[in-house]
Amino acid sequence: MFSPRQIIYITPFYFKNGNTPKPKYLVVLANESNKTIVASLTTRTNHVPSFVNKSHGCINIDDRCYNAYVFDPGKIIGDAGFFFPDPRPTFIYGNEVDDFDVTTLESVYPIEGVDYEIKDTLKQDEYESLIKCLQASRSVKRKIKKLLSNL
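Each residue of the sequence shown is one higher than the one before, counting from 1 in UniProt numbering.
Because the hints were derived from the structure by calculation, they are not lab data. Treat the hints loosely; a few may be bogus.
Said to hold, decoys possible - Mimicking PhoX-like on lysine-lysine, the simulated pairs with C-alpha atoms at most 20 Å apart in a straight line are: (1) Lys-75 with Lys-141; (2) Lys-75 with Lys-54; (3) Lys-75 with Lys-123; (4) Lys-132 with Lys-143; (5) Lys-123 with Lys-16; (6) Lys-35 with Lys-54; (7) Lys-123 with Lys-35; (8) Lys-119 with Lys-22; (9) Lys-22 with Lys-35; (10) Lys-132 with Lys-54; (11) Lys-141 with Lys-119; (12) Lys-16 with Lys-143; (13) Lys-75 with Lys-24; (14) Lys-143 with Lys-35; (15) Lys-35 with Lys-146; (16) Lys-119 with Lys-24; (17) Lys-35 with Lys-132.
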């Protein structure tokens, strides 16, 4: 279920911190021995500083400990033609990349097509750009960087 580059739509996603569950896209970045995955939930919430004019791709501002990867609306990012359907940009923030226990995810979301849907696989060049962006960031947790460095 959890292979690197997968774009998975989970409805609803149950947050670790107990926030209200809601549908979310999960982008799988790494799978560590089928025990732990490194992944990020996407968001449409724009926290990009107003002085930054950046469309699709990496934003890294070290002196502000800020990192984001921006997906432009309508831009095809999946091997089978997937793009985020919202008319606004979609974001992955470096400080929000996390590790997830595979056993827990499989018990909470057991049935493909019901609990989750694999939408597509991130294009290889897009995946490499995203990984490079996160590895260069000061806002990504050290343990996440270590897991990503094994790729």
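Evaluated hints:
Under the criterion of a C-alpha separation no larger than 20 Å, the hint pairing Lys-75 with Lys-141 is inconsistent with the structure, at around 28 Å. A C-alpha spacing of about 14 Å is found between Lys-75 and Lys-54, which places the hinted pair at or below 20 Å, so the restraint holds. Using a Cα cut-off of 20 Å, the hinted pair Lys-75 and Lys-123 holds, with the two alpha carbons roughly 12 Å apart. Using a Cα cut-off of 20 Å, the hinted pair Lys-132 and Lys-143 holds, with the two alpha carbons roughly 16 Å apart.
At roughly 28 Å between alpha-carbon atoms, Lys-123 and Lys-16 are farther apart than 20 Å, so this suggested pair is violated. Taking the CA atoms of Lys-35 and Lys-54, the gap is about 36 Å. The hint is violated against a cut of 20 Å. For the proposed pair Lys-123 and Lys-35, the alpha carbon gap of about 24 Å is over 20 Å, so the pair is violated. Simply put, Lys-119 and Lys-22 have alpha-carbon atoms about 17 Å apart, close enough for the 20 Å limit, and the pair holds.
Distance check on the hinted pair: Lys-22 and Lys-35 sit about 25 Å apart at the alpha-carbon level, beyond 20 Å; violated. Pair hint Lys-132 plus Lys-54 holds up; C-alpha atoms about 17 Å apart against a cutoff of 20 Å. Restraint check for Lys-141 and Lys-119: the C-alpha separation of about 27 Å exceeds 20 Å, so the hint is violated. About 18 Å separates the Cα atoms of Lys-16 and Lys-143, which keeps this hinted pair within 20 Å; it holds.
A C-alpha spacing of about 18 Å is found between Lys-75 and Lys-24, which places the hinted pair at or below 20 Å, so the restraint holds. This hinted pair checks out: Lys-143 and Lys-35 have alpha carbons roughly 15 Å apart, not beyond 20 Å. At most 20 Å may separate the alpha-carbon atoms for a hinted pair to count; Lys-35 and Lys-146 meet this at roughly 16 Å. Straight-line distance between C-alpha atoms of Lys-119 and Lys-24 comes to about 12 Å, which keeps the hinted pair within the 20 Å bound.
At roughly 23 Å between alpha-carbon atoms, Lys-35 and Lys-132 are farther apart than 20 Å, so this suggested pair is violated.
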